[in-house]
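Novice: If you want the building blocks of each chain, they are given just below.
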Amino acid sequence: MLSINQRMAWRNLWRNPRRTLLTVAAIAFACLLLVFMLSFQFGSYETMINTAVKVQTGHLHVEAKDYQDQQDMRLVIKDPAAVAKVMRATPGIEAFTARANAFALISSKERTYGALVVGIDPEAEAKVSTLQSIVRQGEYLKPGDAEGALVGRLLARNLGVKLGDELTVLGQGRDGSIAAMVLTVRGIYSSGIDEFDRSSIQMGLGSFQANFSMEGAVHQMVAVCQGLGEVAGAKSYIAAHLPPQKSPSLAVLDWMQLMPGLLQGIEMDLVSGIIFYLILIVVVTFSILNTFLMSILERTHEFGVLMAIGARPGRLSKLVFMESLAMTLLGVVAGMIMGALVTWYFQVNGLDLGVQDVMAQYGITGRMYPQLSWISLTAGPALVLVMTLLAALYPTRRIWRLKPVEAINYV
Amino acid sequence: MFLSLAWRNIWRNPRRTAVILVAIVIGVWCMVFLGALMRGMMVEMVHNGIATLTGHIQIHHKGYNADPVIENSMRDPEQAFKALEKALPPGSLWTARVRVNAVANNARHNAGVTLVGIDPRTEAKVSFIGKAVSDGEYLKQGDDYGILVGHALMEKFETRLGHKLIMMSQDTGKQIASRAFRIQGVYRAEQRSTEKLYVFVTKPAAQAMLKMGSSLSEISVLLPEGASPAAVAAKLRSLLPKSFEVLTWRQLLPILNGYLEMMDSFVVIWYVVVFVAMGFGIVNTTLMAVFERIREFGLLKSLGLKPGGIIKGVMAESFFLLVIGLALGNALGLISVWALSFHGIDLSALAQGAEYFGMGRVIIPEVHLKDLVTANLVVFVLGLLVSLYPAAKAARFTPVEALGHT
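The listed protein sequences derive, respectively, from chains D and V. Each residue of the first sequence is one higher than the last, beginning at 1 in the numbering used here. Each residue of the second sequence is one higher than the last, beginning at 1 in the numbering used here.
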């Protein structure tokens, strides 16, 4: 049952339905926009992170300390089996694989380029990264294939090689010896990220270890977790159980440490987004403040009468505040519902921005999918609610200054 | 008469006018200011892109851009020099380079880099490298074994000034050519990726190492302010035979170009969004101003004022509100841009993130006339349009109905 104040407030709202609806619409518009934009941003971050993680980096690496910075051949994991045992026991880890990397000169008949040669375990790699699915021509490496290689699309173009062509690889082994081998192009992959497609070839890990004198060692153990939420737990578990290795000692790195640029890029985008939203909210607040103010100014006479028959200023303020609250809540709820519907529509159907060249470089290929979450659904509207209620407080101050006699005579 | 009436009308309730003005002013201010900030970011990105060896226009041998190998060098650069002399507007600068992919080696490390052979004198005026050397010395004519490397590359290679660095690449005879250089200078760039990618030697040294005679990989042109790259490029194209390609920075940096186009449309969307937020306020205020004056409109009508006259009167009030709001908003926006134009906004805290988007560390907001005009037009035209609704309402009251209203 509504109290008399609540009933009065509700009826007052609909004395001027047009104004109420316009105000509600303004609030709903702001909320709708905020819900959609935040979901959109979160969705694109998730896509960016997932692509970056899946194309190459993975969620977690175990590698020799300083390997990340120096990429030195000699900083190895001497006993990958021991690390694998820990990873297998780690809760939250979905799959893991071992990799070894070396920089080498890659020559075709015509051309020579420097590129990163990555030794992979084809079976395990397929579960960790998208490599298998982005092989667009030819086929993925078969386990035990000692002479096959996968080449990035741009590197293949630069080298002028096709499927079945031979590549000469010339590099330096772990012990400083010369590593030379001939590989056959089995497949050509394209991730859409130019940097990746231009700068690497992949070969079997066993053959890599033999040619680069790795003596069974690898450079990285790469793991993917079931979700971003599991990363922190898995990281600390691995860190606590790492097998001891002296010079160099081992370290666990998560995707944020592996790709600091990505994280800061996201932070920057989020910060600038928040600035935009704050300004939007301020503009909306001032738009609404006017409505609240007017609804009091035009009822000066009415308030005078109410005060003359015994209403206290406190009660009137409460009444007015309840009117504003009702309007705001209506707007916020309507905005959240509409925002959720719009977001949900695009979450299912995707949104085509038509700027794929640009997006591909940030790991977003094809359509964008906003990601509705509790944060994106509530953060914006909550802020609108707070700001609007603050705005609603200002006009109530006027009520305290009203003198019944003057107010009654006010026209 | 309408105007003076409207002017007085809006000051009948100064508080209401003030509040709606504040909404308009904040809206316009943020349009101008954030527009300028985004332009600043874009200008910075373009500037970075251009200064990092791109220039406004580049001339290559046909096919070099798609496939930058030594076979695609310009064997007869004299033709290009002549064309440049004819086509370039006064104040233009240009420089010629050898640019190939190479592998840098020292005793402990190796990595893929881009070896750039430069003419030290003209290069300094065109690209960032002239001012970027922080330790040691910039190259000069005749330094056949000196090399400039980025700070990040030096750290990665655990080397320092005076130490040797061996460069390997494919020469014109398809053989592996190598040459030892001595690190003569270390440069710093806005982005670490640049520091890791480019190493600089003199042009004759690169040409000798790669056995390319007087061939060149590219000519990079910097145009004076105001010159149109597309127009100059078209002129160069008409002067040069088919074996050359002339590309503007928009073609050379397609990703950046795409990003700029995206930002362009984002600016307009942002303007409209802010306007809608503010538009609700404008409609509501005008509507209220109309409704509390129903009697007045009825009176005016019974005195013989046509509905069109009432619409004109209400619109004139919105017109004044918008003009005042726009004037104050623009002024505030321009002042805040001006205040920030001395030091810019420092993004050092997010340096790697900025780098991810290809920006530098300091953003200086920049007002573009186009944005200013767009913002003002959006607010003004849409503002008047939405005021039509309350104005039409006011015009529809019949005198009897209105005079009976209290």
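Simulated from the structure, these hints should not be mistaken for laboratory data. One thing to keep in mind: the hints can contain errors.
[Unchecked claim] Using 30 Å as the maximum straight-line C-alpha spacing, the simulated BS3-like pairs for lysine-lysine come out as follows:
| no. | chain 1 | residue 1 | chain 2 | residue 2 |
| --- | --- | --- | --- | --- |
| 1 | D | Lys54 | V | Lys211 |
| 2 | D | Lys65 | V | Lys156 |
| 3 | D | Lys162 | V | Lys156 |
| 4 | V | Lys164 | D | Lys162 |
| 5 | D | Lys78 | V | Lys242 |
| 6 | V | Lys235 | D | Lys162 |
| 7 | D | Lys109 | V | Lys393 |
| 8 | V | Lys242 | D | Lys109 |
| 9 | D | Lys65 | V | Lys164 |
| 10 | D | Lys109 | V | Lys62 |
| 11 | D | Lys162 | V | Lys211 |
| 12 | V | Lys211 | V | Lys174 |
| 13 | V | Lys242 | D | Lys246 |
| 14 | D | Lys109 | V | Lys211 |
Novice: Taking each numbered hint in turn, which are not upheld by the structure, reported in ascending numerical order?
Specialist: The structure conflicts with hints 1, 3, 4, 5, 6, 7, 13, although it agrees with all the remaining ones.
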